[in-house]
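Participant: Those protein sequence lines, which keep their order, are chains A and B.
If you use the numbering used here, the first sequence corresponds to residues 13 to 314, in order.
If you use the numbering used here, the second sequence corresponds to residues 27 to 192, in order.
Do not take every clue at face value.
[What the hints assert, rightly or not] Taking CB as the label site, the calculated pair distances span:
{"hint": "1", "chain 1": "B", "residue 1": "Thr160", "chain 2": "A", "residue 2": "Ile92", "range": "44 to 52 Å"}
{"hint": "2", "chain 1": "A", "residue 1": "Gly162", "chain 2": "B", "residue 2": "Asp53", "range": "55 to 63 Å"}
{"hint": "3", "chain 1": "A", "residue 1": "Ile92", "chain 2": "B", "residue 2": "Leu174", "range": "39 to 47 Å"}
{"hint": "4", "chain 1": "B", "residue 1": "Ser127", "chain 2": "A", "residue 2": "Glu277", "range": "50 to 58 Å"}
{"hint": "5", "chain 1": "A", "residue 1": "Lys87", "chain 2": "B", "residue 2": "Ser127", "range": "54 to 62 Å"}
{"hint": "6", "chain 1": "B", "residue 1": "Phe95", "chain 2": "A", "residue 2": "Gln266", "range": "38 to 46 Å"}
{"hint": "7", "chain 1": "A", "residue 1": "Met30", "chain 2": "B", "residue 2": "Leu92", "range": "50 to 58 Å"}
{"hint": "8", "chain 1": "A", "residue 1": "Val182", "chain 2": "B", "residue 2": "Ser88", "range": "19 to 27 Å"}
{"hint": "9", "chain 1": "B", "residue 1": "Leu92", "chain 2": "A", "residue 2": "Glu166", "range": "45 to 53 Å"}
{"hint": "10", "chain 1": "B", "residue 1": "Phe42", "chain 2": "A", "residue 2": "Ser19", "range": "49 to 57 Å"}
{"hint": "11", "chain 1": "B", "residue 1": "Thr160", "chain 2": "A", "residue 2": "Trp21", "range": "26 to 34 Å"}
Don't read these hints as lab results, they were simulated from the structure.
These numbers were taken from a predicted model, which means no experiment stands behind them.
Glycine included, every Cβ here is placed at the ideal spot set by N, Cα and C.
Each chain, letter by letter, is given below.
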Amino acid sequence: MKQEKRSKWKIVLIVVLMLFVFSFLISLFFRLLNEVPEFGNVAHIKIYGPIMVTKSGGWMSSGTSSTDIAELIEKADKAIGVKAILLEINSPGGSAVASDEIARAIKKSNKTTVAWIREVGASGAYWIASATDHIVANRMSVTGSIGVIGSYLEFAELIEQYNVTYRRMVAGKYKDLGSPFKELTEEEESLLQDLLDQLHEEFIQEVASNRNLPYEKTKEIATGMFYLGKQAKELGLVDALGGKEEAIAYLEKQMNATATLAKYEKPKGFWELLTEVFAEHSFRLGEGLGESLFRKKGLLET
Amino acid sequence: MQKKSMYAPALLWKRFLAFLIDVVILDFVVFAPFSGAIKELLPVGNFHAMQEFFAANASLTSKLTLLLFFLGIIALLYFSILEYRIQQTAGKILFKLHVVSQSNELKFWQCLVRSLFIIPVFPFVLLWIIDPITMLFTQNNQRLLERLSQTATVELIYPKAFTVGA
């Protein structure tokens with residue numbers, strides 16, 4: 013009798029486990045379907061990590077693709093019900109082209125745009141933020157860094173020490189300009205510096221125009237120096253100090269309505285989904301068990 | 027001496043509690059992983075905003091229906107597989123309830139049909155009302171689907187007066 017009961021529970025356990033796996037697969041399949049639109053009147057877009065035109069490194073890569081962000085901004089701009097766009101920025105910057113692509117997408121949008129700078133919103137990330145209508149940063153956020161960098165390691169002497177020779181074969185005398193395996197000549201250094209200066213000039217003009225700052229003043233602060241949020245506000249680089257609440261408060265004032273955030277992100281690939289679904293399954297299982305065990309004992313507030 | 031066992035129509039309160047236990051098991055193990063997806067799908071806001079959202083995203087309704095359909099299928103499989111295999115579910119084991127066929131041997135289609143009410147999409151949702159109401163009007167507390175599938179939920183009783191001598 014006992015054995016019969018034990019074997020029944022065994023069967024129950026096997027069936028429940030099978031159904032768990034089945035539900036796991038279905039939830040994975042479900043997420044692979046066309047992306048589900050988010051509900052809300054504020055499109056919440058994250059810009060995290062280095063900013064590039066395309067993400068390299070496959071599904072494990074970090075960083076932000078300007079192609080993706082520009083598409084999301086465009087999508088939010090067209091969405092019925094979306095009245096504003098909130099860009100959550102935590103990025104040290106990236107490529108000038110990628111930053112400009114996102115900035116242009118922001119300026120093209122007809123909706124209120126707010127940049128919320130978290131830990132870092134510097135260089136290219138600040139270029140993007142400057143294109144929005146309103147910037148909120150924490151008093152300790154690192155921002156600014158209005159400059160361009162093109163530094164690289166030169167191995168010319170090192171390879172010489174190891175009797176390695178750089179065989180220069182070019183057609184076009186500046187074709188290998190910036191190659192780390194040869195010494196940079198004075199002329200080449202001057203050319204590279206000139207390019208960097210041009211990019212820098214673009215950056216300064218963008219910030220001056222976006223932030224309505226006098227050109228000369230902008231050039232003065234565009235030394236590449238980064239500023240903490242508090243300093244940035246004094247310099248006119250950000251509009252308000254605070255965090256998410258302040259950003260939302262501004263949006264609600266502009267929209268004259270309660271803000272409901274809708275996550276706007278690029279659909280994930282298969283492997284990214286697989287790890288995410290597996291992690292969520294484990295979390296929800298633990299959450300449910302934990303809640304049921306501890307809420308009754310009064311250890312969790314309802 | 028040996029006890030002679032008998033079956034009697036299961037008491038309603040036992041059936042109800044057994045069903046609750048099964049729902050809790052399904053909730054923790056099978057439905058919980060979907061709760062994130064459902065939260066993302068279902069808009070929160072006033073009626074007008076929700077209406078506007080669904081109007082702007084017509085495909086969302088079908089996705090939501092599909093998701094609910096899959097959840098229903100999983101719940102259906104839980105009841106039908108267990109009731110076919112061992113004539114009980116986890117909740118029924120705890121309350122000593124059994125599913126029996128009124129014809130011959132219990133078949134899988136019978137277990138499927140008797141649990142169809144669990145699918146949360148139209149037209150099965152109509153059974154949420156019709157199915158339990160019929161219990162009040164049948165002799166053996168049978169639901170409508172139990173009558174259709176020719177099954178019954180019974181409980182094992184050991185009548186104290188009954189002993190069969192060796």
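Participant: Next, verify each hint and record whether it holds.
Facilitator: Here's how the hints hold up against the structure:
no., hint, result
1, B:Thr160 with A:Ile92: 44 to 52 Å, "holds (45 Å)"
2, A:Gly162 with B:Asp53: 55 to 63 Å, "holds (58 Å)"
3, A:Ile92 with B:Leu174: 39 to 47 Å, "holds (46 Å)"
4, B:Ser127 with A:Glu277: 50 to 58 Å, "holds (52 Å)"
5, A:Lys87 with B:Ser127: 54 to 62 Å, "holds (56 Å)"
6, B:Phe95 with A:Gln266: 38 to 46 Å, "holds (41 Å)"
7, A:Met30 with B:Leu92: 50 to 58 Å, "violated (21 Å)"
8, A:Val182 with B:Ser88: 19 to 27 Å, "violated (60 Å)"
9, B:Leu92 with A:Glu166: 45 to 53 Å, "violated (59 Å)"
10, B:Phe42 with A:Ser19: 49 to 57 Å, "violated (27 Å)"
11, B:Thr160 with A:Trp21: 26 to 34 Å, "holds (32 Å)"
Hint violations for this structure: numbers 7, 8, 9 and 10, all remaining hints satisfied.
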